[in-house]
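2 protein chains.
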Amino acid sequence: MMYDKIIYAVGIGPGKVGKMTQEAFDVLESCDIIVGYTVYIELLKPSFPNKEFASTPMKQEIERCKMCFDFALGGKKVALVCSGDAGVYGMASPLFELQQRNSQYADVEIIVIPGVTAANSGAALLGAPLNHDYCVISLSDLLTPWETIEKRLVSAVQGDFAVALYNPASHRRNDYLKKACQIMISAGADEGRACGYTQNIGRDDERMEICTLLELMEKEINMFTTVFIGNSKTQIIKSVNGEKKLVTKRGYEI
Amino acid sequence: MMYDKIIYAVGIGPGKVGKMTQEAFDVLESCDIIVGYTVYIELLKPSFPNKEFASTPMKQEIERCKMCFDFALGGKKVALVCSGDAGVYGMASPLFELQQRNSQYADVEIIVIPGVTAANSGAALLGAPLNHDYCVISLSDLLTPWETIEKRLVSAVQGDFAVALYNPASHRRNDYLKKACQIMISAGADEGRACGYTQNIGRDDERMEICTLLELMEKEINMFTTVFIGNSKTQIIKSVNGEKKLVTKRGYEI
Chain A
1 MMYDKIIYAV
11 GIGPGKVGKM
21 TQEAFDVLES
31 CDIIVGYTVY
41 IELLKPSFPN
51 KEFASTPMKQ
61 EIERCKMCFD
71 FALGGKKVAL
81 VCSGDAGVYG
91 MASPLFELQQ
101 RNSQYADVEI
111 IVIPGVTAAN
121 SGAALLGAPL
131 NHDYCVISLS
141 DLLTPWETIE
151 KRLVSAVQGD
161 FAVALYNPAS
171 HRRNDYLKKA
181 CQIMISAGAD
191 EGRACGYTQN
201 IGRDDERMEI
211 CTLLELMEKE
221 INMFTTVFIG
231 NSKTQIIKSV
241 NGEKKLVTKR
251 GYEI
Chain B
1001 MMYDKIIYAV
1011 GIGPGKVGKM
1021 TQEAFDVLES
1031 CDIIVGYTVY
1041 IELLKPSFPN
1051 KEFASTPMKQ
1061 EIERCKMCFD
1071 FALGGKKVAL
1081 VCSGDAGVYG
1091 MASPLFELQQ
1101 RNSQYADVEI
1111 IVIPGVTAAN
1121 SGAALLGAPL
1131 NHDYCVISLS
1141 DLLTPWETIE
1151 KRLVSAVQGD
1161 FAVALYNPAS
1171 HRRNDYLKKA
1181 CQIMISAGAD
1191 EGRACGYTQN
1201 IGRDDERMEI
1211 CTLLELMEKE
1221 INMFTTVFIG
1231 NSKTQIIKSV
1241 NGEKKLVTKR
1251 GYEI
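Listed in order, the protein sequences are those of chains A and B.
With the working numbering as the guide, the letters of the first sequence map in order to residues 1 to 254.
With the working numbering as the guide, the letters of the second sequence map in order to residues 1001 to 1254.
You may find that some hints are simply not true.
Simulated crosslink set (SDA-like; lysine to any residue; CA at most 20 Å straight-line) [what the hints assert, rightly or not]:
(1) A/Lys66 to B/Ile1254
(2) A/Lys244 to B/Glu1109
(3) B/Lys1249 to A/Asp141
(4) A/Lys151 to B/Lys1249
(5) A/Lys244 to B/Lys1005
(6) A/Lys249 to B/Ser1140
(7) A/Lys233 to B/Glu1147
(8) B/Lys1076 to A/Ser140
(9) B/Lys1016 to A/Ile111
(10) B/Lys1151 to A/Glu150
(11) A/Lys66 to B/Glu1253
(12) A/Lys5 to B/Gly1242
(13) B/Lys1249 to A/Trp146
(14) B/Lys1238 to A/Ser103
(15) B/Lys1059 to A/Ile254
(16) A/Lys233 to B/Leu1142
(17) B/Lys1066 to A/Glu253
(18) B/Lys1244 to A/Gln104
(19) A/Lys233 to B/Gln1100
(20) A/Lys233 to B/Thr1148
(21) A/Lys151 to B/Lys1151
(22) B/Lys1249 to A/Ser140
(23) B/Lys1244 to A/Asp107
(24) B/Lys1249 to A/Pro145
(25) A/Lys244 to B/Gln1100
(26) A/Lys244 to B/Asp1107
(27) A/Lys249 to B/Met1058
(28) B/Lys1238 to A/Leu98
(29) A/Lys45 to B/Gln1022
It should be emphasised that the hints constitute simulated quantities derived from the structure, not laboratory data.
Using the sequences and the accompanying hints, generate a full structural model.
Quick look at the structure:
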């Protein structure tokens, strides 16, 4: 069924317009207005030259969602863009929650268009660290109690999952990755565990590094970093020209 | 650095060509030959009419990878396609492992092109079940001991992760989803836990359902199903026209 008031929550993938899906591109093309965090709006503008845009700064996520409902109620077809996937630490759930709490938003259809999240785009750069069961954990305690994050880090080790860590650092939280590594080591992860991280995926200053869990603790990383901690069987293997790759086995006899 | 012998492991996303990234499409367009499981090759043929294709049946994954190395060594630029993401239960890690074990493959560059995996494309259909920390677990014990799978299901509950289950059933394993639900309930998950599943994502017979964990146990599902089990705070909420959505909160005050 088609409704006449629509918000699309669109995951645009990492960094570059070419890393979004064709479906996401077509949806953005079909909308009257594209709303998002300023950085992503600037990224999109050259590819959608005749489109109307609206943005709010960081940490105004709920204002941004309300803006979308207001545009939709005003008759505009709206796209709310998120980096990576709209449903992974993204704006999809706040949209549904706002609709639930505000009866004036009841007639707006919310459609989620998925994108490649940093766990998967970062993994591709490093090799194949998430090629078996894995967890995605954010180290940001802005919206989650630290005790919950700690419990999840411990459970990830107990379950022997490969792990992708989002938001491993910020200005205020420059020691959180170290704390997380210490928690995982205390929970039984070997200090030699195969790890890696990626930064600025899809951008000109994209970089990556592969190292052990002990080495990872001392890395200077920023908020645009995604960290990967292997499971107990993940290996650092040599590929073409001696380049290191982080590989979690699928389990085939090879 | 560019090498002259290349295999791209390309994630084509779910079901439809439009659900792959532009980058994946461009890579397939640039290759001499596209290799994959028969079903995906048939899906791609109409979009790449002048391309050479090669396929092997299911369960011949390692043969398929070796075929790729042989094509690459013969001077062809090769794409090995995987549904979803090439690095999530995909062919990326077998390629790296084969290279490690076979010195004749040492000069072949392996590049992973990510795609939207079923956890994220299925989540988008259901609402936003993975909008906070989550685990991805395969119930297939073909390559993984059942004890490992069981340990991960228990750890997922202990860590209060939202969970996406891959390969929840096959002809041989028609009771595995029920077993998994029972394990999670025994580990402390409430029977009323908000859950859902998606089938045949991106295809004409795409379907989805939202239900409780207790109800999920009795569902007839097939091997093209991805199952979602919420964390302890995931909600089933009503969206436009009373449609149910499965939503895991990000944690904003709303």
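How the hints compare with the structure:
no., hint, in the structure
1, A/Lys66 to B/Ile1254, "holds (11 Å)"
2, A/Lys244 to B/Glu1109, "holds (12 Å)"
3, B/Lys1249 to A/Asp141, "holds (14 Å)"
4, A/Lys151 to B/Lys1249, "holds (18 Å)"
5, A/Lys244 to B/Lys1005, "holds (18 Å)"
6, A/Lys249 to B/Ser1140, "holds (15 Å)"
7, A/Lys233 to B/Glu1147, "holds (16 Å)"
8, B/Lys1076 to A/Ser140, "violated (45 Å)"
9, B/Lys1016 to A/Ile111, "holds (18 Å)"
10, B/Lys1151 to A/Glu150, "holds (19 Å)"
11, A/Lys66 to B/Glu1253, "holds (13 Å)"
12, A/Lys5 to B/Gly1242, "holds (15 Å)"
13, B/Lys1249 to A/Trp146, "holds (16 Å)"
14, B/Lys1238 to A/Ser103, "holds (11 Å)"
15, B/Lys1059 to A/Ile254, "holds (13 Å)"
16, A/Lys233 to B/Leu1142, "holds (18 Å)"
17, B/Lys1066 to A/Glu253, "holds (13 Å)"
18, B/Lys1244 to A/Gln104, "holds (18 Å)"
19, A/Lys233 to B/Gln1100, "holds (15 Å)"
20, A/Lys233 to B/Thr1148, "holds (13 Å)"
21, A/Lys151 to B/Lys1151, "holds (16 Å)"
22, B/Lys1249 to A/Ser140, "holds (15 Å)"
23, B/Lys1244 to A/Asp107, "holds (14 Å)"
24, B/Lys1249 to A/Pro145, "holds (14 Å)"
25, A/Lys244 to B/Gln1100, "holds (11 Å)"
26, A/Lys244 to B/Asp1107, "holds (14 Å)"
27, A/Lys249 to B/Met1058, "holds (19 Å)"
28, B/Lys1238 to A/Leu98, "holds (11 Å)"
29, A/Lys45 to B/Gln1022, "holds (17 Å)"
Checked against the numbered hints above, the structure breaks only hint 8 and satisfies the rest.
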